[in-house]
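Enquirer: Chain by chain, the residues run as shown.
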Amino acid sequence: MIGAGGTLGLMATELQVTAPGIIEDYRHGFHDPEDKYVFKSDKGLTREIVERISSMKNEPAWMREFRLKALELFLSKPMPTWGDTAALSEIDFDDIHYFVKATGEQGRTWDEVPEDIKRTFDRLGIPEAERKFLAGVSAQYESEVVYHSVREDLEKLGVLFCDMDTGLREYPEIVKKYFATVIPPGDNKFAALNSAVWSGGSFVYVPPGVEVKTPLQAYFRINSENMGQFERTLIIADKGSKVHYIEGCTAPQFSTSSLHSAVVELIALEGASIRYTTIQNWYRNIFNLVTKRAVAHKDATVEWVDGNIGSRLTMKYPAIYLVGEGARGEILSAAFAGEGQHQDAGAKVIHAAPNTTSVVTNKSVSAHGGKTTYRGLVEVLPGAVGAKTRVKCDALIMDERSSSDTKPTMKIQEQRSTVEHEASVSKIGEEQLFYAMSRGLSEADATAMIVNGFFDFFVKELPMEYAVELNRLIKLEMEGAVG
Amino acid sequence: MADGRPVARRSDVAPGTTRRVLVNGVEVLLCNVDGTIYAVEDVCTHDGAPLDQGELEGSCIVCPRHGARFDVTSGAALTLPAVLPLPTYPVRIEGDAVYVDV
Numbered sequence: 001m002i003g004a005g006g007t008l009g010l011m012a013t014e015l016q017v018t019a020p021g022i023i024e025d026y027r028h029g030f031h032d033p034e035d036k037y038v039f040k041s042d043k044g045l046t047r048e049i050v051e052r053i054s055s056m057k058n059e060p061a062w063m064r065e066f067r068l069k070a071l072e073l074f075l076s077k078p079m080p081t082w083g084d085t086a087a088l089s090e091i092d093f094d095d096i097h098y099f100v101k102a103t104g105e106q107g108r109t110w111d112e113v114p115e116d117i118k119r120t121f122d123r124l125g126i127p128e129a130e131r132k133f134l135a136g137v138s139a140q141y142e143s144e145v146v147y148h149s150v151r152e153d154l155e156k157l158g159v160l161f162c163d164m165d166t167g168l169r170e171y172p173e174i175v176k177k178y179f180a181t182v183i184p185p186g187d188n189k190f191a192a193l194n195s196a197v198w199s200g201g202s203f204v205y206v207p208p209g210v211e212v213k214t215p216l217q218a219y220f221r222i223n224s225e226n227m228g229q230f231e232r233t234l235i236i237a238d239k240g241s242k243v244h245y246i247e248g249c250t251a252p253q254f255s256t257s258s259l260h261s262a263v264v265e266l267i268a269l270e271g272a273s274i275r276y277t278t279i280q281n282w283y284r285n286i287f288n289l290v291t292k293r294a295v296a297h298k299d300a301t302v303e304w305v306d307g308n309i310g311s312r313l314t315m316k317y318p319a320i321y322l323v324g325e326g327a328r329g330e331i332l333s334a335a336f337a338g339e340g341q342h343q344d345a346g347a348k349v350i351h352a353a354p355n356t357t358s359v360v361t362n363k364s365v366s367a368h369g370g371k372t373t374y375r376g377l378v379e380v381l382p383g384a385v386g387a388k389t390r391v392k393c394d395a396l397i398m399d400e401r402s403s404s405d406t407k408p409t410m411k412i413q414e415q416r417s418t419v420e421h422e423a424s425v426s427k428i429g430e431e432q433l434f435y436a437m438s439r440g441l442s443e444a445d446a447t448a449m450i451v452n453g454f455f456d457f458f459v460k461e462l463p464m465e466y467a468v469e470l471n472r473l474i475k476l477e478m479e480g481a482v483g
Numbered sequence: 001m002a003d004g005r006p007v008a009r010r011s012d013v014a015p016g017t018t019r020r021v022l023v024n025g026v027e028v029l030l031c032n033v034d035g036t037i038y039a040v041e042d043v044c045t046h047d048g049a050p051l052d053q054g055e056l057e058g059s060c061i062v063c064p065r066h067g068a069r070f071d072v073t074s075g076a077a078l079t080l081p082a083v084l085p086l087p088t089y090p091v092r093i094e095g096d097a098v099y100v101d102v
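Residue numbers (my numbering), protein chains in the order written: chain W, 1 to 483; chain Y, 1 to 102.
Be aware that one or more of the hints could be misleading.
In silico DMTMM-like links for lysine to aspartate or glutamate, alpha-carbon gap of 25 Å or less [as the list claims (entries may be wrong)]:
no., chain 1, residue 1, chain 2, residue 2
1, W, LYS176, Y, GLU41
2, W, LYS388, Y, ASP47
3, W, LYS298, Y, GLU55
4, W, LYS77, Y, ASP52
5, W, LYS189, Y, GLU57
6, W, LYS69, Y, GLU94
7, W, LYS298, W, GLU173
8, W, LYS69, Y, ASP52
9, W, LYS69, Y, GLU57
10, W, LYS189, Y, ASP71
11, W, LYS407, Y, ASP47
12, W, LYS77, Y, GLU57
13, W, LYS189, Y, GLU55
14, W, LYS77, Y, ASP71
15, W, LYS189, Y, ASP47
16, W, LYS176, Y, GLU57
17, W, LYS69, Y, ASP71
18, W, LYS411, Y, GLU94
19, W, LYS43, Y, GLU57
20, W, LYS77, Y, GLU55
21, W, LYS411, W, ASP95
22, W, LYS177, Y, ASP71
23, W, LYS427, W, ASP456
24, W, LYS392, W, GLU422
25, W, LYS411, Y, GLU41
26, W, LYS411, W, GLU339
27, W, LYS189, Y, ASP52
28, W, LYS77, Y, ASP47
29, W, LYS460, W, GLU211
30, W, LYS69, W, GLU173
31, W, LYS176, Y, ASP71
32, W, LYS69, Y, ASP34
33, W, LYS177, Y, GLU55
34, W, LYS177, Y, ASP34
35, W, LYS43, W, ASP95
36, W, LYS392, W, ASP299
37, W, LYS57, W, ASP95
38, W, LYS177, Y, GLU57
39, W, LYS69, Y, GLU55
Read the hints as simulated data drawn from the structure, not as lab findings.
This structure is a prediction, so every number in the text was calculated from the model and none was measured.
Make the full structure from the sequences, and use the hints.
Expert: In structure tokens:
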């Protein structure tokens with residue numbers, strides 16, 4: 001047993017590949033009976049549902065008003081007119097449950113968690129992960145966090161790590177001060193939707209000078225068919241502190257589309273450091289439309305490590321605003337698009353202060369007719385003297401049916417800055433394959449090895465068990481890829 | 001500098017509302033915050049488009065496109081995606097006449 005990240009290997013033998021690239025039995029495709037739900041809202045979104053969510057959570061008046069205003073913004077904003085508009089038009093907002101509450105009480109210890117929910121998490125390896133090395137586990141099941149624990153030494157350091165609902169209830173001053181200051185509800189249609197119906201997600205506050213040595217982890221999972229999942233995460237690293245947060249996502253098999261639209265806000269105050277690692281493995285019917293943005297103050301560092309596998313359509317562009325002198329940002333992302341999938345991912349960096357530096361590295365693979373898009377923005381604002389940025393994006397196309405687009409945007413308004421951009425698109429080499437196969441590897445193994453090598457820069461940034469999961473996942477995705 | 005002509009009547013800008021005026025070729029947004037009128041440039045520093053369709057909440061103007069908030073009394077950008085402040089201009093009131101120095 002390898003923990004949360006290693007469950008893939010355990011279940012891999014259950015897969016049946018019936019045709020090249022078509023995975024018949026998705027490994028996380030199990031459902032739990034849904035008759036245990038405490039509350040499940042009607043499909044569609046109305047003012048009443050938003051009010052109901054807020055009142056069920058006993059929220060303060062300002063949050064209720066915030067939600068209702070966000071609902072108006074969501075309804076008034078048009079769908080994006082850029083990106084994969086054809087796929088976006090498949091989303092039926094009236095066919096989604098916006099709130100499902102799986103259990104009445106939040107479990108503090110594993111024993112208190114209801115049996116059927118526990119079974120699900122057992123299969124995902126959560127307790128193992130906690131036992132082995134994690135600082136805290138916060139597992140999101142449906143819209144509410146049902147299980148949550150923080151190791152005692154973290155509490156002693158004054159680190160706050162809980163679900164967002166608890167954060168709002170117990171630390172209202174901190175939440176009110178920072179909530180939606182990085183991503184206001186009006187930012188885009190899906191941020192407005194999240195702001196109206198958000199539920200769950202993580203709240204992290206690290207006090208000044210505190211270094212959290214082991215990663216904090218959250219594990220998300222969608223279980224109910226047609227249920228949107230709208231978690232909201234807010235991480236504040238106070239002056240000179242340091243934290244690494246990891247989220248991993250899986251979803252069971254569905255027959256109709258499901259929507260995941262999260263908002264993640266990171267705030268790195270002076271001299272602080274935040275690393276946020278995501279591995280997403282959504283099933284291929286999920287729309288994953290996420291707004292992630294960080295602000296880095298003076299001499300602060302923010303790193304996004306973002307791996308996207310699966311989903312019907314992912315639109316995700318982790319952003320870093322470097323607003324203080326000497327701030328540093330790094331975005332590492334990897335995307336894999338298989339049959340019927342479009343990974344529209346990228347990165348945004350805004351240099352708004354002198355001597356800020358950033359590095360963006362993106363690698364994408366498209367196979368079995370999948371499509372990848374790199375969509376990026378680098379902006380250097382007037383006065384950001386001495387800003388340095390380097391963008392590198394590479395795409396690997398596995399077959400004739402697959403495709404890739406690169407759409408980088410650069411807005412440089414400060415002459416005294418250094419901007420580098422490098423991009424490549426390549427097709428898997430027949431000679432490479434032939435060589436590897438002549439050494440005794442099967443075609444699938446050879447292909448997986450080449451793709452793993454292509455993603456190596458990314459994988460080596462991951463904790464070991466995630467690296468193992470990703471390598472195995474890529475191998476599975478590549479089964480029968482060429483031929 | 002103002003050319004000596006009023007740019008609006010004070011009564012045209014009720015408390016909690018805004019009014020867009022052109023002063024010496026500059027688009028200026030007059031904002032009435034609890035009876036005091038402030039003047040800022042009517043251009044969101046995030047995307048360069050006007051703010052006048054946005055809502056005035058207390059002393060904050062909210063950009064109608066991406067939700068950036070600015071404090072109109074100081075011009076400061078309070079939320080992303082805006083980072084740079086709004087230019088502000090001195091306001092002079094004489095009777096019902098509003099003068100703005102641009």
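Enquirer: Could you tell me which of the numbered hints above are not met by this structure, giving the numbers in increasing order?
Expert: Hints 1, 3, 6, 18, 19, 21 and 26 not satisfied by this model.
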